[in-house]
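For reference, each letter of the sequence shown is one residue, going 5 to 401 in our numbering.
Hints in this document: simulated from the structure, not taken from any laboratory. You may find that some hints are simply not true.
[What the hints assert, rightly or not] Subject to a maximum C-alpha distance of 30 Å in a straight line, what follows is the list of computed DSS-like cross-link-like pairs (lysine-lysine):
(1) Lys77 <-> Lys266
(2) Lys61 <-> Lys332
(3) Lys266 <-> Lys287
(4) Lys332 <-> Lys376
(5) Lys101 <-> Lys77
(6) Lys386 <-> Lys287
(7) Lys101 <-> Lys386
(8) Lys266 <-> Lys101
(9) Lys332 <-> Lys287
(10) Lys77 <-> Lys95
(11) Lys376 <-> Lys77
(12) Lys61 <-> Lys386
(13) Lys270 <-> Lys101
(14) Lys61 <-> Lys287
(15) Lys287 <-> Lys95
(16) Lys77 <-> Lys61
[As the list claims (entries may be wrong)] Okay, the calculated beta carbon distance ranges per label pair:
(17) Ala220 <-> Ser197: 55 to 63 Å
(18) Gln357 <-> Ser298: 24 to 32 Å
(19) Val105 <-> Gln385: 47 to 55 Å
(20) Lys287 <-> Val102: 13 to 21 Å
(21) Glu400 <-> Ser298: 27 to 35 Å
(22) Ile350 <-> Pro292: 43 to 51 Å
(23) Val105 <-> Gln85: 17 to 25 Å
(24) Glu400 <-> Ser282: 31 to 39 Å
(25) Val102 <-> Asp250: 43 to 51 Å
(26) Val354 <-> Pro292: 43 to 51 Å
(27) Asp250 <-> Lys213: 48 to 56 Å
(28) Phe150 <-> Gln212: 40 to 48 Å
Where a beta carbon is used, it is the ideal one built from N, C-alpha and C, also for glycine.
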Amino acid sequence: MTTSTEIAVSKTLVRRPIRRSIAVLLAVGCLTPFIYWQFQSFQSRNSPPPIKQPEVKTITALGRLEPAGEVIKLSAPTSAQGSRVEQLLVKEGDPIKVNQVIAILDNRDRLQAALEEAQEQVRVAQSELAQVLAGAKRGEIQAQRFEIARLEAERVGNLNAQTATVTRLAAEVQNAQTEYQRYESLYQNGAISASERDRQQLALTTTQKQLQEAQAALERITKATQEQVAAARATLAQIAEVRPVDVQTAEARVSQAIAAAKQAEKNLDQAYIRTPQSGRILKIHARPGELISSEVGLAEIGQTEQMYAVAEVYQSDIHQVRVGQSVKLTSESLPNTELYGTVESIGLQVQRQEVINSDPSDNIDSRIIEVKVQLDAPSSQKVANFTNLQVQTVIET
5 MTTSTEIAVS KTLVRRPIRR SIAVLLAVGC LTPFIYWQFQ SFQSRNSPPP IKQPEVKTIT
65 ALGRLEPAGE VIKLSAPTSA QGSRVEQLLV KEGDPIKVNQ VIAILDNRDR LQAALEEAQE
125 QVRVAQSELA QVLAGAKRGE IQAQRFEIAR LEAERVGNLN AQTATVTRLA AEVQNAQTEY
185 QRYESLYQNG AISASERDRQ QLALTTTQKQ LQEAQAALER ITKATQEQVA AARATLAQIA
245 EVRPVDVQTA EARVSQAIAA AKQAEKNLDQ AYIRTPQSGR ILKIHARPGE LISSEVGLAE
305 IGQTEQMYAV AEVYQSDIHQ VRVGQSVKLT SESLPNTELY GTVESIGLQV QRQEVINSDP
365 SDNIDSRIIE VKVQLDAPSS QKVANFTNLQ VQTVIET
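Work out the full structure, taking the sequences as your base and the hints as a guide.
Take a look at the structure:
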């Protein structure tokens, strides 16, 4: 049998290992945090700091494609409204140059005839001006000179004839005076009768009166012929004179005719529809024989060598957009195709959203600002034939 003393010794021996285990566990528990802290401290001193990955932020927006300078609608001039297309010189997809004629209207022939008539009026007015500057025709001047010479000759002849008459009558008066004096002497001496003396006195008086009449006629002839010659000379001077007022009138007619010709030329030019820039024909709305609608015009053109995207960015996101930011574009119509470009400009006006998503739940009346994105050359080449294509734009901010 075991005594009580042995049992007590046995219990004492059992408690000692348990106490040691508890002490060891307590020591390990106290040292573990310290060892872990030392390990972490050592690891942090010898390990490189972690690299923080940059967070990429983007803005998405719906947009549409358009050529450089936007799509331009070509139409007939206002003065040619209601005209029909006579000739169409291009087709859709054709490349075009600046100022190239792409269509001719049916009023071209009428306007061409009006221009030719106006040009003829210019030539007529210029001819009249030249005639005014040169004076009268050479034949008219020569004829007037002949008239002056005739009047001069007639004047000389009439004066000579009348002068001769005056000279003759003066001689007759002198003879009659002599005869009268002789008869008066004979009468005083009683050689002749008083009647014979009176008859001789009457002859003297008659001859004197004839002389006076001849002298008066000579004066009239002299004055009249002088006036006739002077009038003829004045007519010659008037014919040969180039009056400033006549020149001004003729020049005004020339200017008026030239202005009318220029207007006719402008009217004719409006019968030809020209392109304001180079590019391509995107759409034709009127064919030969058809009227040109004032709403859609004749054709639409664009510079498809360089394409742009117009992204409609929500006004709440526009503050994050900057010129020069990179943009990636995709479209459901071009699967597995990515387009790239950069922000070129940011609009200055808030407007309603025009590009509508295919999901009706997303189509709300949103306020947007248009952001213009310039596509790079490879992307522009890929979508040159897709003006107005809806795209999804992703702008990296």
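Hints and how they fare:
1. This hinted pair checks out: Lys77 and Lys266 have alpha carbons roughly 27 Å apart, not beyond 30 Å.
2. Proposed proximity of Lys61 and Lys332 is supported: the alpha carbons are some 13 Å apart, at most 30 Å.
3. With a C-alpha separation of about 33 Å, the suggested pairing of Lys266 with Lys287 is violated against the 30 Å cut-off.
4. With a C-alpha separation of about 13 Å, the suggested pairing of Lys332 with Lys376 holds against the 30 Å cut-off.
5. Restraint check for Lys101 and Lys77: satisfied, since their Cα atoms lie roughly 16 Å apart, inside the 30 Å limit.
6. Using a Cα cut-off of 30 Å, the hinted pair Lys386 and Lys287 holds, with the two alpha carbons roughly 19 Å apart.
7. Distance restraint check for Lys101 and Lys386: the Cα-Cα separation of roughly 22 Å lies within the 30 Å cut-off, and the hinted pair is therefore satisfied.
8. With a C-alpha separation of about 26 Å, the suggested pairing of Lys266 with Lys101 holds against the 30 Å cut-off.
9. In summary, the hint linking Lys332 to Lys287 is supported, as the alpha carbons are separated by about 28 Å, within the 30 Å threshold.
10. Proposed proximity of Lys77 and Lys95 is supported: the alpha carbons are some 15 Å apart, at most 30 Å.
11. For the given pair, Lys376 sits about 20 Å from Lys77 by alpha-carbon distance, which is consistent with the 30 Å threshold.
12. Taken as a hint, the Lys61 and Lys386 pair is honoured in the structure, with Cα atoms around 27 Å apart against an allowance of 30 Å.
13. A hinted pair counts as satisfied when its Cα atoms are at most 30 Å apart, and Lys270 with Lys101 qualifies at roughly 21 Å.
14. Between Lys61 and Lys287 the CA atoms are separated by roughly 39 Å; this puts the pair beyond 30 Å, and the hint is violated.
15. Simply put, Lys287 and Lys95 have alpha-carbon atoms about 8 Å apart, close enough for the 30 Å limit, and the pair holds.
16. With a C-alpha separation of about 39 Å, the suggested pairing of Lys77 with Lys61 is violated against the 30 Å cut-off.
17. Between Ala220 and Ser197 the Cβ separation comes to about 35 Å, which falls outside the hinted range of 55 to 63 Å.
18. Checked against the given bound of 24 to 32 Å, the beta carbons of Gln357 and Ser298, roughly 28 Å apart, stay inside it.
19. Taken as a hint, the range 47 to 55 Å is violated for the pair Val105 and Gln385, whose Cβ atoms sit roughly 28 Å apart.
20. Taking 13 to 21 Å as the suggested C-beta distance range, the pair Lys287 and Val102 conforms, at roughly 20 Å.
21. Restraint check, Glu400 to Ser298: a C-beta distance of roughly 44 Å breaks the suggested window 27 to 35 Å.
22. Range check, Ile350 to Pro292: Cβ separation about 44 Å, and the 43 to 51 Å hint holds.
23. Taking 17 to 25 Å as the suggested C-beta distance range, the pair Val105 and Gln85 conforms, at roughly 19 Å.
24. Restraint check, Glu400 to Ser282: a C-beta distance of roughly 33 Å satisfies the suggested window 31 to 39 Å.
25. A C-beta distance of roughly 47 Å is found between Val102 and Asp250, which places it inside the suggested range of 43 to 51 Å.
26. The given range of 43 to 51 Å is respected by Val354 and Pro292, whose C-beta atoms sit roughly 44 Å from each other.
27. In this structure the supplied range 48 to 56 Å holds for Asp250 paired with Lys213, their Cβ-Cβ distance being about 54 Å.
28. Checked against the hint of 40 to 48 Å, the pair Phe150 and Gln212 passes, with Cβ atoms roughly 42 Å apart.
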